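Here is what each chain is made of, one letter per residue.
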Amino acid sequence: MRKCVYVGFIVKNILTIIFRKVTQVTNLIVTLIQGISLGSIYALIALGYTMVYGIAKMLNFAHGDIIMVGAYLIYTSVALAHCSPILGILISVASCALLGIVIEFLAYRLLRRASSLSVLITAIGVSYFLQNIALLVFGSEPKSIPVLFNIPAIQIGNSITITGETMLTLGLTVIIMTALTIFINKTKLGKAMRAVSEDKDAAMLMGINVNRTISITFAIGSIMAAFASLCYGISYTYIKPTTGSMPGIKAFTAAVFGGIGSIPGAMLGGILLGVIEKLSMAYISTQFTDAIVFGVLILVLIIKPTGLLGKQIREKV
Amino acid sequence: MATQINKPLEKTPISKKLLNKDTITVFIVVAFYAVYSTLIYTNTAGRQMLNMAITISCYILMAVSLNLVVGFLGELSLGHAAFMSVGAYSGSMLSVALLQSTAMPLYIRLPLAMIFGGLVATIFGIIIGIPVLRLNGDYLAIVTLAFGEIVKNVIINLDFTGGAIGYDTKAIYSTPKALLPYAAAAVIISVLLIINLAKSKHGRAITAVRDNKIAASATGINITYYKLMVFAFSAFIAGVAGVLWGHSLSIIKAAKFDFNMSIEILVIVVLGGMGSIRGSVIAAILLKVLPEALRAVDDYRMLIYSLLLILMMLFNSAPQFAKLREKLNIKNTLVYFKNRKEKKGGNVE
Amino acid sequence: MKINIKKIFAGVLALALVLTCFTGCGKKETWQKTDDGKVVLEIGFIGPLTGEYANYGISVRNGAKLAVEEINKNGGVNGFELKLLEADSEASGEKASAAYGKLIDDGMKLSMGGVLSGETKDIVAAAKDDGILILSASASALDCIGESNAFRLCFNDPQQGEIAAQAIYDKKLANKVAILYDNGNDYCVGNVETFTRKAGELGIEIVSTQTFTESTNTDFTTQLTAIKNSGAELVFIPIYAADAAKILRQAAQMQLDIDWFGADGLDGLIKKCGDNVADAEGVLLLTPFYADSEEGVTKSFVDAYKAKYDGVVPDQFAADGYDVIYAMVEAIKQAGVNSENVIDMAISDFNSKLVAAMTKIEVNGATGKMTWTADGETFKTPKILKIEDGKTVVVD
Chain A
1 MRKCVYVGFI VKNILTIIFR KVTQVTNLIV TLIQGISLGS IYALIALGYT
51 MVYGIAKMLN FAHGDIIMVG AYLIYTSVAL AHCSPILGIL ISVASCALLG
101 IVIEFLAYRL LRRASSLSVL ITAIGVSYFL QNIALLVFGS EPKSIPVLFN
151 IPAIQIGNSI TITGETMLTL GLTVIIMTAL TIFINKTKLG KAMRAVSEDK
201 DAAMLMGINV NRTISITFAI GSIMAAFASL CYGISYTYIK PTTGSMPGIK
251 AFTAAVFGGI GSIPGAMLGG ILLGVIEKLS MAYISTQFTD AIVFGVLILV
301 LIIKPTGLLG KQIREKV
Chain B
318 MATQINKPLE KTPISKKLLN KDTITVFIVV AFYAVYSTLI YTNTAGRQML
368 NMAITISCYI LMAVSLNLVV GFLGELSLGH AAFMSVGAYS GSMLSVALLQ
418 STAMPLYIRL PLAMIFGGLV ATIFGIIIGI PVLRLNGDYL AIVTLAFGEI
468 VKNVIINLDF TGGAIGYDTK AIYSTPKALL PYAAAAVIIS VLLIINLAKS
518 KHGRAITAVR DNKIAASATG INITYYKLMV FAFSAFIAGV AGVLWGHSLS
568 IIKAAKFDFN MSIEILVIVV LGGMGSIRGS VIAAILLKVL PEALRAVDDY
618 RMLIYSLLLI LMMLFNSAPQ FAKLREKLNI KNTLVYFKNR KEKKGGNVE
Chain C
667 MKINIKKIFA GVLALALVLT CFTGCGKKET WQKTDDGKVV LEIGFIGPLT
717 GEYANYGISV RNGAKLAVEE INKNGGVNGF ELKLLEADSE ASGEKASAAY
767 GKLIDDGMKL SMGGVLSGET KDIVAAAKDD GILILSASAS ALDCIGESNA
817 FRLCFNDPQQ GEIAAQAIYD KKLANKVAIL YDNGNDYCVG NVETFTRKAG
867 ELGIEIVSTQ TFTESTNTDF TTQLTAIKNS GAELVFIPIY AADAAKILRQ
917 AAQMQLDIDW FGADGLDGLI KKCGDNVADA EGVLLLTPFY ADSEEGVTKS
967 FVDAYKAKYD GVVPDQFAAD GYDVIYAMVE AIKQAGVNSE NVIDMAISDF
1017 NSKLVAAMTK IEVNGATGKM TWTADGETFK TPKILKIEDG KTVVVD
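First to last, the protein sequences are chains A, B and C.
Okay, so the first sequence: first residue is 1 according to our numbering, each after it adds one.
Okay, so the second sequence: first residue is 318 according to our numbering, each after it adds one.
Okay, so the third sequence: first residue is 667 according to our numbering, each after it adds one.
Honestly, I wouldn't trust all of these hints.
Listed below are the simulated SDA-like cross-link pairs for lysine to any residue, each with C-alpha atoms no more than 25 Å apart in a straight line [to be verified]:
1. A:K143 / C:T884
2. A:K143 / C:E718
3. B:K640 / A:A114
4. B:K530 / A:M167
5. A:K57 / B:K487
6. C:K894 / A:N13
7. C:K739 / C:T696
8. B:K487 / C:E859
9. A:K143 / C:E947
10. A:K304 / B:L450
11. C:K894 / A:L28
12. A:K143 / C:A908
13. C:K894 / A:P152
14. C:K838 / C:K1046
15. A:K311 / B:P448
16. A:K57 / B:L452
17. A:K57 / B:L450
18. C:K894 / A:T16
19. B:K494 / B:K640
Here are some, though not all, of the chain B residues that point toward chain C, as calculated from beta-carbon distances under 10 Å [as the list claims (entries may be wrong)]:
20. M369
21. C375
22. M421
23. I473
24. N474
25. I482
26. P608
27. D616
Hints are computed from structural coordinates only; laboratory data are not their basis.
All of these numbers come straight from a predicted model, not from anything done at the bench.
Each residue gets a CB set at the ideal place from its N, CA and C atoms; glycine is no exception.
Start from the sequences, fold in the hints, and give me the full structure.
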C-alpha cells in the first residue's frame, strides 16, 4: 500500500516536470510564431526600404507612411464604399504603386544628383505631408478595418493556438517574397533593376532606361508596403494617421540590420527583428523590449558594420 | 552618405577682415538677444513671445550642436535629442538637490547644473562616439537612432527618473524672464566656442576628416580623437540645452525627446545650411516662431510646414533650379555688377 | 547659393518677430463691452487640436463650446457674455506654455488649463504669477495641479486605481488579477501604482503584470499569452480606449476568454471598436459619465451635443469640457461678480474672488454632482458600467 503511494508520488512528480517542460516548449513555439508573424510584416516593409536604397541610394523615410495610406485605402473601399475585400486590396495595391511613382517623380527625381541628406529631409517632408493629409481627411480617431477573410484559428494540442490572421500573414509573406525573388532574378526588368543599382551610368550605356527602372522600383516597393498594410490591417485592425511611422522605423532598422540594399538581408532582418522583439518580451522584460531590440542591433552593427548580409564596401582613396 | 557636402566650409580659414562671416554671425546672435530682451524687460512684448524665449534658445543650442556633427564632421545623427534628455534629467536632478539641501540661488545653481548636465551628456556622447569609429553613413545613423530609443526606454523604466510620469521639476521652475539672461549667455558662448573651434587648427582637421578620411589620416590627423571630440563637444552643448529646458518647464518627460525631436533638429540644420552656424541659428528661430505665427491656420499648419519643407529642399538642392538660384542670388548679382564696372564691354562671364 | 536663402530667411524672420511683437503691443482695455452692454468674459481653452491626441482636445473643446453657446443664448451670466478662446497645444508642454501666453495676450480671464496632464502642469507653472483660475477638464495626474488657483473636474489617477481595486473586491469579481498597461503613459502608471497597493491591502492576488509602450502598441499577443498562462480571472486595463480596442481584438482572435476591467480611459470604447463591438462585450469600466444615461442633466447634454455635432455621441472628455464651463458660471454667481462691479477690477482680483468661491459651490453636471476641496480636487461617485449588446449599462 505504502509502495503504491510512493510510486504514485513519483509518477505525479515526473508528470508535473514533463508538463512544465511541455508548457515551456509550447510557450516558446507560440512566441516564435508570433515573432515570425510580426517579423514578416517588418520584412515586407523593409523590402521597400532596401530596394529603393539599393537603386536610388536614398532613405525613403516616407515609405512607412505608404503603409498607412494603403491601410486607409482598404478601409475606405471596403468599409465605406462596400467593395468586396479582393477589390479593396486591388485598389489599395494599385493606388500605392501609383503613389510611389508620383512621389518619386515629384519629389525625389529632381534631387537625384543632390546630397543624400537633402533627399532624406525631403522624404521626411513627404512623410509629414502624407500623415497630415490623412489627419485632415480621416481625423485622429482610429478607424477599424473590417474583417476581410474569415479564417478559423488552428488549435494544436492544448496550448498552441495559431490565429487565422497569423496564418494569412505568413502565407502571404511567403508568396510575395518568392514572387519578388523570382522577379528580381529571372525577369528582364529585374535584371535591369540590378544593373541600375550596381552602376547607374553603365546601365544607361547598356540601353537601360534608368528613370523608368527607378519608377518601377518605387512602384514595387510601394506594392510591398500595400501588402504590409494588408497584413497589418488583418492582424491589428485599427489604423491611425501615425500608424505607419513606428513600423516604418522598425523596418528601417530591420533593413539596416540585414544589410541595407540586400533583398535577402531585408527578409532576414525583418523576421529576426520580430522574433527578437517577441522573445525579449516573453522571456526578459516587456518594459525594456525597445532597449533590448535596439541594443542587439547596435551590437550586431559594431561586430559586423555592414549588417548581416550587407556587402563589404572598400573605401577608395 | 553624409559625407557628400556641397560646399567646403571656408575657402580662407582665417579672414583678416573685420566684417567677416563670423563676426556677422556673432552680431546676429547678440542683436537677436538684445532686441528680444529689450522687448521683454520693457514689457512691450506679448506673453506668447515671452513664453517662447527659452524654447527658441534651446533649439538654437540643439541646432548649432548638431551642426557640429552633421555639418562639420559629416556624420548623420538621428538621436541628438537623447543627449538633451540626459542633460535635462541629470542637470535638473542636481539643481533640485542643491536647492533642497542648500537653497542655493539660481545664479550659482543654474550654471553649475548646466555644466553638470553637459558633462553627463558628454559621457554619453563619448559612448555613442565609439561605434562611430567603426561605422559610417546610414549604419551610423541607425545606431544613433537606436541609441536615442534606448535612452528613452531606459529613462521611462527607471524609478529615480520618475518613470513615465516624468521628473517633477516644479521646485526649480523659473520664469522665462529669469532664465533669459542664462539662455542668452549659453547661446552666445556656444556660438563663440564653435566658431573658434571651426577657425582653429582642430577645426580644419575636422573638416579634413569629413572631406576625405583617408587623406586626412595620411597627413597625420588622429581621426579617432577628432571624431570623439566632436561627438563629446556636441553632446555637451545639447546637455546644456537640456538643463535649460528642464528649468523652464515644470515636468520633464523622456518621451518628449524622441526620434521626432531629433528629426526636427536635423531639419533645422539642413534648412539652415550644413556647416553654417548662422544658418542654424536663423533657421532655429524661424522654425520655432513660424508655427506660433501660423496659429490662425491651425488645421493646415503642419500641412503647410511639410509642403514648405519639400519645396525648400527642392529649391535648395535640385540641379534643375540652379539657374533660378543664381538669378536670385544677391551676392552673385553684386559680383556681376562689380565685374561689369571693372571690365567695361568685356566678357562678364 | 546659400546666401540668398539666408537673406530670405532673415527677412521673413524679421517680419515674423514684428508680427508676434504686435500681438503684444496692441494692449486692449481689460474688460471689453459688447454692443448690447454686456461684458465679454474670455475663457481660454488649451489642448491638442491637431496630431495624435487631437480627439481628446476636440472633444473637450466641443463640450465647452456647447456650454458657452447655451449660456449665452440664455442671456449670459451676471451681465457677462462668455467667449471661448482656443489654442492648440499639440500635446506638448512648451507649446502649451506658448499657447497660454497667446491667450493672455488675447485677453483671457479664466483658463480651462490643458486637456492632458503634462501640458496642464506647464500651464499651471506659467500661470503662477497671474493668479488666474484654472479648472482643467481632464488633467488627472496627481501632481499636475497643486497651486492654490488650480482645480480639476475629473478625478485623479490614484483615486481611480484605488476605487477600481475596491470595486473588484466588493463585487467579488476576481481573486487573481492580471494588469496590462502602457508603462510609457502617466495616466496608466498613476492608476496602476495605487491599484497594486490597494489590491495588496485587500488580498487580491496580482498574478501577472504586462506592459507595452507607444512603440510596441501594435502586437499584444505575447502579453496576452502570458496573461492566459498566469491563470488570471480578470485583467485590469487602466488604458485608453484606442489601445484597449486593439487588445480586445487580438484577445478575440486568440479566443482568450477572460474578464476585463478598465478605468475612465475606456470611455468611448464602443465607438472605437466600430464593427468589432462584440469584442467589448462584458467589459467593465469605471466612469462618472456615460452617454446612455437617463439622468436629467446628462441626457439633456447628450441630446444637445448630438444635435449640434451631427449626431456624434459625446465621450467623457466632452462632458468634462461642458461641466467646466458650468462650474465656472456657478463660481461667478457664488463670487457675486457682475458686469458692473468688475469694470475696475484687476484680472487677478477677479480671479481670487472666483478661486475663493470654487470651494463653496456645488455643481450638478453631466458627469454628476461635484464639490471642490481647497487643493483643487473633486470627488464624484463613479459608476461601474458594463458593456452589453453594444450599449453601456450600470452594474449595481
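Using the nearest Cβ pair, does P608 (chain B) come within less than 10 Å of chain C?
8 Å, holds
Sort out whether K1046 (chain C) lies within 25 Å of K838 (chain C), counting only the CA atoms.
The hint holds at about 23 Å.
Just to be careful, I want the Cα atoms of K487 (chain B) and E859 (chain C) compared with a cutoff of 25 Å; is the pair within it?
Holds, at roughly 22 Å.
Does K143 (chain A) pair with A908 (chain C) here, judged by a C-alpha cut-off of 25 Å?
9 Å, holds
Classify the hint on I482 (chain B) as holds or violated, based on whether any CB of chain C lies nearer than 10 Å to its CB.
4 Å, holds
Within 25 Å, alpha carbon to alpha carbon, are K57 (chain A) and L450 (chain B)?
23 Å, holds
So if I understand the rule, the pair passes when the alpha-carbon distance is 25 Å or less; does K57 (chain A) with K487 (chain B) pass?
Violated, because 48 Å separates the two Cα atoms, which is more than 25 Å.
Keeping to a limit of 25 Å between CA atoms, is the pair of K894 (chain C) and T16 (chain A) held or broken?
19 Å, holds
Given pair status - E718 (chain C), K143 (chain A), alpha carbons within 25 Å:
This hinted pair holds, its Cα atoms lying about 13 Å apart.
Restraint check, 10 Å cut-off on beta carbons, for N474 (chain B) near chain C
7 Å, holds
M369 (chain B) as chain C interface residue, shortest Cβ-Cβ below 10 Å:
5 Å, holds
With the threshold set at 25 Å, check whether the alpha-carbon distance from K894 (chain C) to N13 (chain A) stays at or below it.
Measuring from Cα to Cα gives roughly 24 Å; hence the hint holds.
Hints 4, 5, 19 and 22 from the list above are not met by this structure, while the remaining hints are.
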